[in-house]
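Now for the letters of each chain:
There are 2 protein chains.
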Amino acid sequence: MRRTLEVAVVNGSMKRTDTEAVMEPLSLVSRREGLGSLADRLGEIQSWLAKDLGTLEALLESSANVEGDLAERAAAHLLERPGKRIRPLCVVLASKLGDGLDEDDRAAIENLAAAAELVHAATLLHDDVIDLGTERRGAPTARLLFGNPASVLGGDHLLVEALRRVRSAGHDRLLGKLLDVVGEMVAAEAIQLERRGRFEADREAYLNVVRGKTAVLFEWSMIAGGTVAGLDGDALARLGRAGIQTGIAFQMVDDTLDLAESAGDTGKDTLLDLREGKLTWPLIIASERDPSLVEDFQAIADDPGRLDEGDFVGELRQRIVATGCVSATLERAISWAQDARSEISFLPEGPARRALETVIDISVRRTL
Amino acid sequence: MRRTLEVAVVNGSMKRTDTEAVMEPLSLVSRREGLGSLADRLGEIQSWLAKDLGTLEALLESSANVEGDLAERAAAHLLERPGKRIRPLCVVLASKLGDGLDEDDRAAIENLAAAAELVHAATLLHDDVIDLGTERRGAPTARLLFGNPASVLGGDHLLVEALRRVRSAGHDRLLGKLLDVVGEMVAAEAIQLERRGRFEADREAYLNVVRGKTAVLFEWSMIAGGTVAGLDGDALARLGRAGIQTGIAFQMVDDTLDLAESAGDTGKDTLLDLREGKLTWPLIIASERDPSLVEDFQAIADDPGRLDEGDFVGELRQRIVATGCVSATLERAISWAQDARSEISFLPEGPARRALETVIDISVRRTL
Chain A
1 MRRTLEVAVV NGSMKRTDTE AVMEPLSLVS RREGLGSLAD RLGEIQSWLA
51 KDLGTLEALL ESSANVEGDL AERAAAHLLE RPGKRIRPLC VVLASKLGDG
101 LDEDDRAAIE NLAAAAELVH AATLLHDDVI DLGTERRGAP TARLLFGNPA
151 SVLGGDHLLV EALRRVRSAG HDRLLGKLLD VVGEMVAAEA IQLERRGRFE
201 ADREAYLNVV RGKTAVLFEW SMIAGGTVAG LDGDALARLG RAGIQTGIAF
251 QMVDDTLDLA ESAGDTGKDT LLDLREGKLT WPLIIASERD PSLVEDFQAI
301 ADDPGRLDEG DFVGELRQRI VATGCVSATL ERAISWAQDA RSEISFLPEG
351 PARRALETVI DISVRRTL
Chain B
1 MRRTLEVAVV NGSMKRTDTE AVMEPLSLVS RREGLGSLAD RLGEIQSWLA
51 KDLGTLEALL ESSANVEGDL AERAAAHLLE RPGKRIRPLC VVLASKLGDG
101 LDEDDRAAIE NLAAAAELVH AATLLHDDVI DLGTERRGAP TARLLFGNPA
151 SVLGGDHLLV EALRRVRSAG HDRLLGKLLD VVGEMVAAEA IQLERRGRFE
201 ADREAYLNVV RGKTAVLFEW SMIAGGTVAG LDGDALARLG RAGIQTGIAF
251 QMVDDTLDLA ESAGDTGKDT LLDLREGKLT WPLIIASERD PSLVEDFQAI
301 ADDPGRLDEG DFVGELRQRI VATGCVSATL ERAISWAQDA RSEISFLPEG
351 PARRALETVI DISVRRTL
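Protein sequence lines, in the order shown, are assigned to chains A and B.
If you read the first sequence in the working numbering, its first letter stands for residue 1, the second for the next number, and so on.
If you read the second sequence in the working numbering, its first letter stands for residue 1, the second for the next number, and so on.
Rather than coming from a laboratory, the hints here were simulated on the basis of the structure.
Some hints here could point you the wrong way.
The list treats identical chains as one, so a pair stands whether inside a single copy or across any two.
[Said to hold, decoys possible] The calculated lysine-lysine pairs, modelled on DSBU-like cross-linking and capped at a C-alpha distance of 35 Å, are: (1) Lys51 with Lys278; (2) Lys177 with Lys278; (3) Lys84 with Lys278; (4) Lys51 with Lys177; (5) Lys177 with Lys84; (6) Lys51 with Lys84.
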């Protein structure tokens, strides 16, 4: 199981240098907020949105019945695991930026918020088949429990459910845009897949893939909420950009989690991204700062089995972390999050804007 | 490679009883049409629709670039194999049943026809991953050439392309209906998958699965063309029913192809449906007529490896064919096709109706 760096810190399992590398950038957020205040603010949002979030969970449940066919059961297994629901949160919060919603608008927002999570879940079910993933959200993957075929069909089922919900929300442009988003997500996965077998520390290539696989769905979520709220084109464009920036920040922090020490002594799950041939920001930084790593990264790209040899993983991980790449990546993520905050600074002060800022901050504090 | 019964007949590779079993029901069609006339009529339609079919191929090509990303290349590999394009033909022909199309209508039909083929191709790419298929349209499957992950992503890509094209056609109800269709297709695949491991000669279960996996897309194709042609609700309902009936006939004939002798001496590809745990109409009939077969079918369901033992496949195939189930299935398929013809008999005489009747007849003459 992947564990977060913070958990590793709390458990004292990290070396001193690792701990410093992690705590320094996180303290940038903490300094602004006061330790613990982010968790409090998230709690406030969750209370404020209790009704919306309850409806969301009910809709997700009805989208994949645990007693349905094999595709539905595979999908339900993933959906019923607790998640942050950060994409639906973006939809709901952006919808509260206008002059209020009527009953139809509220129904539309419920469906759009559910759709954002369903598209995300659909891609996870397919990604796990592609990467032969074994664990997701602290449980065995659907493909392990129900088989690869069920995971493929479960993803198809959820994608159709998502699109139905967006169609029923009655904003045709949002449906067209979501189809474009799914197209970009598929293309990004295909490009990532095709890059397997070669290590190339290419920042632009990384950002293109991350834009497609993560950021465009955040962008859509923001725009979907803002559209129903009746915001004008300029406001929607700014919200969309904030979504892109939040998504990139979110993915960069996710990248760093791959460098946490794993739970067991085997180190089996550390460097999973490297094993799967995924280019991550900290690996790019590490290879720029310590060019001798490039050879190892390429050797692993040629033969991921190298990672199973003796102490190789643990030693490699140490060399990677020693470059300070985790710290640098978290700083970069925080910088993206700050851009996102600036982008929405045009919004009037109020609970919705404050909540959106919290969601942006959460994207760089993935342990909450 | 699967070969058709007719090819087997032509090559003299079938035993006399097999030949009779096949030729008798086909002669029902032949008697009505005169031998060879169906091929002539298909040729006429293809000349008549040369422009539409040319546009269709161009749209399919633009939907998955052979020089695109890995997902597109996997999809293009399948799309560029010649196919009957029978679903797009249904769209185009049904569109010619009204009082004529304006330029927008013609653009809509092009996109709807392409979408019908793209949805079909998307499900094939996912099905081949699910069934570990090795051959499709006389070539290795995309998953063999590009890998399972590329085939999953290729299917996702084509589904998105199809939905985009339907959305651009501007008939919102057709988009909603296509989402329902894809949902039914996924559910039918899931049910079929879940039935693996047990043999149950259940006609109703068979028809439910076939309705979902094949017939509803034929139904949609007819209704899509008819909608743009401006037909009224009653006419659309009849066309839709004819689509369902044609799809069932089409699938039943497909089922019989699994009982043809294979090209090589190994018999490796005979009884592939049985190997994959798929319930087919001829197997239901065979087990009803010769209950001793049920035990063998269940043994194969428990362990498909049984089919690799010695002469087992060849002997089992002989016992199945000896029940006359191929003939019975082809008769049943022809009966469904006749129902479809009756359903569209309300249409005024003319080239469009005659062409639709030909398409229905083609569904039970799969070798054309």
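Hints, one by one, checked against the model:
1. Lys51 with Lys278: Neither way: Lys51 and Lys278 sit 38 Å apart in one copy and 45 Å across, limit 35 Å.
2. Lys177 with Lys278: within (27 Å within a copy, 38 Å between copies)
3. Lys84 with Lys278: Classified as within: same-chain Cα gap 23 Å, cross-chain 40 Å, threshold 35 Å.
4. Lys51 with Lys177: Both. Shortest intra-copy (27 Å) and inter-copy (31 Å) distances satisfy the 35 Å Cα cut-off.
5. Lys177 with Lys84: both (24 Å within a copy, 32 Å between copies)
6. Lys51 with Lys84: within (16 Å within a copy, 52 Å between copies)
Consistency note: the structure conflicts with earlier hint 1 alone.
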